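Q: Numbering-wise (my numbering), the sequence shown opens with residue 26 and increments by one.
For the record, the hints were derived by calculation from the structure and aren't laboratory data.
Warning: the hint list may mix true and false statements.
[What the hints assert, rightly or not] Simulated DEER-style distance windows between Cβ atoms:
#  : residue 1 : residue 2 : range
1  : GLY53     : SER27     : 25 to 35 Å
2  : THR64     : SER34     : 29 to 39 Å
3  : PHE65     : THR35     : 14 to 24 Å
4  : SER34     : PHE65     : 11 to 21 Å
5  : THR35     : THR64     : 27 to 37 Å
6  : ARG63     : THR35     : 28 to 38 Å
7  : ARG63     : SER34     : 27 to 37 Å
8  : GLY53     : GLN31     : 31 to 41 Å
9  : PHE55     : SER34     : 19 to 29 Å
10 : TRP49     : SER27     : 13 to 23 Å
11 : ALA58     : SER27     : 13 to 23 Å
12 : LYS30     : ALA58     : 10 to 20 Å
Nothing here was measured: the structure is a model prediction, and the numbers come from that model.
Don't be surprised by glycine CBs; every beta carbon is placed ideally from N, CA and C.
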Amino acid sequence: LSELKQLISTRRETPHHAVGWWKWAMTGIFGVAEIVVRTF
């Protein structure tokens, strides 16, 4: 997570892309987490 935060902080020049990518990443992470929870 620290590396991702550094990438986002270094890419403050393009906030629109950062926000869009962050939302997409969070959606994917939550989706995988939900699948893992249902598996166990």
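Q: Look at each hint and say if it fits the structure.
A: Here is how each hint holds up against the structure:
1. Restraint check, GLY53 to SER27: a C-beta distance of roughly 19 Å breaks the suggested window 25 to 35 Å.
2. The hinted range of 29 to 39 Å is satisfied by THR64 and SER34, whose Cβ atoms lie roughly 34 Å apart.
3. Taking the beta carbon of each, PHE65 and THR35 are about 36 Å apart, not inside 14 to 24 Å as hinted.
4. With their beta carbons about 34 Å apart, SER34 and PHE65 fall outside the hinted range of 11 to 21 Å.
5. A C-beta distance of roughly 35 Å is found between THR35 and THR64, which places it inside the suggested range of 27 to 37 Å.
6. In this structure the supplied range 28 to 38 Å holds for ARG63 paired with THR35, their Cβ-Cβ distance being about 36 Å.
7. At roughly 34 Å, the beta-carbon separation of ARG63 and SER34 lies within the given 27 to 37 Å, and the hint holds.
8. For GLY53 paired with GLN31, a C-beta distance near 19 Å fails the hint of 31 to 41 Å.
9. For the pair PHE55 and SER34, the beta carbons lie near 22 Å from each other, so the given range of 19 to 29 Å is met.
10. In this structure, TRP49 and SER27 meet the distance hint of 13 to 23 Å, their C-beta atoms being roughly 20 Å apart.
11. Judged by the Cβ atoms, the range 13 to 23 Å given for ALA58 and SER27 holds: they are separated by roughly 19 Å.
12. The hinted window of 10 to 20 Å between LYS30 and ALA58 holds, with their beta carbons roughly 19 Å apart.
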